[in-house]
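Enquirer: The lines below spell out each chain.
2 protein chains.
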Amino acid sequence: MKQKPYSFPLSEYITQEKFNTIKKMASSKKTPFLVIDLDIIKRNFMELKGHLPFAKIHYAVKANPHDNVLKLLYSLGSNFDVASVYELDQLLRLGITPDRMLYGNTIKKKENIQYFYEKGVRLFATDCETDLNNIATFAPGSRVFFRLLTDGSGADWPLSRKFGTHPDIVFDLIKQAKKLDVIPYGLSFHVGSQQRDIGQWDNAISQCYYLFESAKDIGVELGMINLGGGFPAHYNEPTAETNIYAQEIERFLREDFGENMPEIILEPGRSLTGDAGVIVAEVIMTEKKAKHNPYKWMYLDIGMFGGMIETINESIKYPIYIEKEGLESEYIIAGPTCDSMDILYEDYKYPFPSTTTGGDKVYIFTTGAYTQSYSSVYFNGFPPLEAYTIGG
Amino acid sequence: MKQKPYSFPLSEYITQEKFNTIKKMASSKKTPFLVIDLDIIKRNFMELKGHLPFAKIHYAVKANPHDNVLKLLYSLGSNFDVASVYELDQLLRLGITPDRMLYGNTIKKKENIQYFYEKGVRLFATDCETDLNNIATFAPGSRVFFRLLTDGSGADWPLSRKFGTHPDIVFDLIKQAKKLDVIPYGLSFHVGSQQRDIGQWDNAISQCYYLFESAKDIGVELGMINLGGGFPAHYNEPTAETNIYAQEIERFLREDFGENMPEIILEPGRSLTGDAGVIVAEVIMTEKKAKHNPYKWMYLDIGMFGGMIETINESIKYPIYIEKEGLESEYIIAGPTCDSMDILYEDYKYPFPSTTTGGDKVYIFTTGAYTQSYSSVYFNGFPPLEAYTIGG
Chain A
150 MKQKPYSFPL SEYITQEKFN TIKKMASSKK TPFLVIDLDI IKRNFMELKG
200 HLPFAKIHYA VKANPHDNVL KLLYSLGSNF DVASVYELDQ LLRLGITPDR
250 MLYGNTIKKK ENIQYFYEKG VRLFATDCET DLNNIATFAP GSRVFFRLLT
300 DGSGADWPLS RKFGTHPDIV FDLIKQAKKL DVIPYGLSFH VGSQQRDIGQ
350 WDNAISQCYY LFESAKDIGV ELGMINLGGG FPAHYNEPTA ETNIYAQEIE
400 RFLREDFGEN MPEIILEPGR SLTGDAGVIV AEVIMTEKKA KHNPYKWMYL
450 DIGMFGGMIE TINESIKYPI YIEKEGLESE YIIAGPTCDS MDILYEDYKY
500 PFPSTTTGGD KVYIFTTGAY TQSYSSVYFN GFPPLEAYTI GG
Chain B
150 MKQKPYSFPL SEYITQEKFN TIKKMASSKK TPFLVIDLDI IKRNFMELKG
200 HLPFAKIHYA VKANPHDNVL KLLYSLGSNF DVASVYELDQ LLRLGITPDR
250 MLYGNTIKKK ENIQYFYEKG VRLFATDCET DLNNIATFAP GSRVFFRLLT
300 DGSGADWPLS RKFGTHPDIV FDLIKQAKKL DVIPYGLSFH VGSQQRDIGQ
350 WDNAISQCYY LFESAKDIGV ELGMINLGGG FPAHYNEPTA ETNIYAQEIE
400 RFLREDFGEN MPEIILEPGR SLTGDAGVIV AEVIMTEKKA KHNPYKWMYL
450 DIGMFGGMIE TINESIKYPI YIEKEGLESE YIIAGPTCDS MDILYEDYKY
500 PFPSTTTGGD KVYIFTTGAY TQSYSSVYFN GFPPLEAYTI GG
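Top to bottom, those sequences are chains A and B.
For the first sequence, the positions run 150 to 541 when this note's numbering is used.
For the second sequence, the positions run 150 to 541 when this note's numbering is used.
What the hints contain is simulated information worked out from the structure, not anything from laboratory work.
Computed from a predicted structure; not experimentally measured.
Some clues are possibly wrong.
Identical copies carry no separate label here, and so any pair may be met within one copy or between two of them.
In silico lysine-lysine, BS3-like type, Cα no more than 30 Å apart, as pairs [claimed, not checked]:
1. K173 - K365
2. K445 - K191
3. K437 - K365
4. K178 - K259
5. K498 - K259
6. K198 - K173
7. K179 - K259
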């Protein structure tokens with residue numbers, strides 16, 4: 150597949166003024182590094198809030214756990230979807246209160262549940278009986294929501310069978326919850342990250358409606374649907390805008406629930422922070438592997454293990470910009486480690502100026518989510534990606 | 150594919166006494182963590198040295214860069230294959246002298262070459278003209294070896310086209326080197342990590358012989374072949390033992406070079422340290438996703454982003470042991486993060502006791518290479534894998 154010529158600036162996201170700031174940083178700081186523009190996160194948050202005013206937003210901390218990102222979102226009124234005791238500790242350290250949190254990971258140890266409970270968290274995801282019993286024992290009186298298994302079709306980063314369970318088991322869990330010291334509160338699902346097929350929400354919402362009705366038959370009134378994440382950031386592949394997602398999702402909800410809309414929770418991560426990131430890297434060198442090969446190789450000082458793990462199987466296609474004239478040469482792009490898996494794009498060819506050479510700065514856009522925190526701690530000796538924030 | 154029932158102890162590697170030590174650590178330390186048995190690294194090093202006494206061993210630091218591993222190998226007389234300026238700094242900090250090192254990464258910035266040169270390193274890998282020119286400019290008078298492209302067939306962790314170049318380009322580079330202030334010293338290749346087809350070395354050695362002869366025609370006497378790594382560690386899939394590899398490789402060399410054997414360099418990483426590692430982890434919980442599904446899920450507190458990245462595509466199949474009776478249930482094994490890619494084995498089923506439950510300790514063998522240094526810095530908040538050494 151061939152990339153469309155990249156047109157700069159992406160004026161909707163990083164402004165020319167901000168890009169000038171980033172270029173100034175590029176000339177003084179050691180590459181690679183990530184710049185996070187807090188103004189874009191603010192804009193994305195307010196936009197989502199504006200389109201779905203009835204929804205409660207729990208930001209998925211794992212997408213970008215930078216302190217300044219979390220502080221900004223807290224100040225804007227966001228709540229948080231927390232994946233581990235380590236994230237919980239970080240939020241508490243920043244002064245974020247437990248009433249703003251839910252423990253969204255269905256995979257948890259007893260002592261993790263107990264720790265969240267002791268710190269004041271009272272809302273838990275679950276998808277199996279063992280976990281439900283543990284919540285009742287170690288977080289008594291808490292509200293729980295049950296995660297439905299979805300198939301993730303249409304998502305660039307699909308969510309497999311690892312999370313959630315079948316509707317018949319969810320129904321059993323609701324029955325079980327009645328007997329325990331927990332409040333069966335709602336349902337959740339996740340259609341897959343960077344989900345470009347809006348219809349996926351329709352299917353899942355219909356399943357929720359069906360389970361809400363079945364629960365009533367056994368005397369349980371569920372009151373909440375957690376729609377998860379899945380709203381896209383702006384990579385190379387086209388996606389609909391947030392307002393379209395919001396309109397459609399509201400329509401699906403109204404179709405099933407009419408005037409009796411449950412409480413709605415959203416867990417956006419990528420869609421809030423993805424657009425806000427620019428990785429500044431450098432070309433190490435370019436090379437031709439054989440005399441008559443039409444493609445050149447371009448090695449960057451960032452790779453799959455330095456924060457770009459979502460390029461695995463070329464899943465996420467980041468917009469990449471080099472500030473030189475021309476887009477006439479196609480390159481295979483690889484990272485700096487001695488690991489042969491550390492190739493970012495080989496099938497999907499990026500056009501760049503044929504004059505690209507070692508030392509050229511490379512700007513990788515839409516890298517604000519699922520990058521820095523994924524960096525390896527010391528693979529091939531390389532340190533984790535540095536991150537800086539601007540704006541806000 | 151079904152795993153053969155796992156028979157413990159792996160008496161050749163971790164002794165019962167050492168395993169008792171590890172179990173004691175398991176009862177007092179927070180999981181997950183990696184234990185590295187230095188005695189096994191010593192044994193593997195001495196064995197390889199014994200089988201190929203004429204070869205100079207350059208340990209591939211990236212496989213396991215723990216300080217104690219590097220100090221041990223230095224004391225045993227090992228040399229080092231260095232991938233980055235960060236690894237170089239670490240080795241120097243440990244008092245390892247630059248005459249023991251080669252800069253084995255073909256992907257390097259000018260300033261990296263200069264830094265290695267300033268610190269005293271005089272042996273460099275290369276595979277393209279730009280890099281060769283940079284070495285001549287920034288590391289004048291150094292010896293260089295040219296890396297040949299191999300196809301990596303038969304390797305569990307193949308090395309693709311990222312490294313090395315075609316023989317005709319290698320020949321051009323040798324010609325070019327004659328005109329520059331560098332010494333064209335030898336050739337290198339890498340058959341792929343965990344290479345189970347010994348015949349791959351034969352093909353590559355024959356190519357080297359052909360290039361040695363061609364180089365003579367233009368007045369260049371090459372004197373060294375770097376056979377790279379590729380010797381296996383002991384995972385679930387069977388492999389030949391080191392002595393078989395050594396015998397065969399020596400035979401291939403004699404067939405081509407007879408009495409005029411060049412200097413031989415080896416760059417083992419995985420085969421020295423892989424067997425020496427045991428990851429101690431814990432079962433978070435087990436779960437059935439649907440009423441009539443024959444497989445259960447087992448969630449561990451270590452996963453793909455906590456140091457087990459080589460389970461990607463189920464490439465490396467680690468022996469896994471739970472100290473309970475029975476192997477009657479097959480499990481899908483997944484990690485603790487909210488990332489659905491964080492599944493270790495789904496196609497390849499591991500049998501475990503059906504009584505396996507949250508809190509059970511899990512011992513993952515042959516995890517001494519390409520684990521800890523790959524851990525993500527903070528994904529889902531989880532800290533990098535801790536590592537401890539015993540023995541030595």
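Enquirer: Each of the hints needs a verdict: does it hold here or not?
Expert: How the hints compare with the structure:
1. K173 - K365: neither (60 Å within a copy, 51 Å between copies)
2. K445 - K191: This pair counts as neither: shortest intra-copy Cα distance 40 Å, inter-copy 42 Å.
3. K437 - K365: Close across copies (25 Å), not inside one copy (66 Å); limit 30 Å.
4. K178 - K259: Between copies only: 17 Å across chains, 44 Å inside a chain, cut-off 30 Å.
5. K498 - K259: between (47 Å within a copy, 26 Å between copies)
6. K198 - K173: Cα proximity of K198 and K173: none, with 33 Å in one copy and 52 Å across.
7. K179 - K259: between (43 Å within a copy, 14 Å between copies)
Hint check: violations occur at hints 1, 2, 6; the rest are consistent with the structure.
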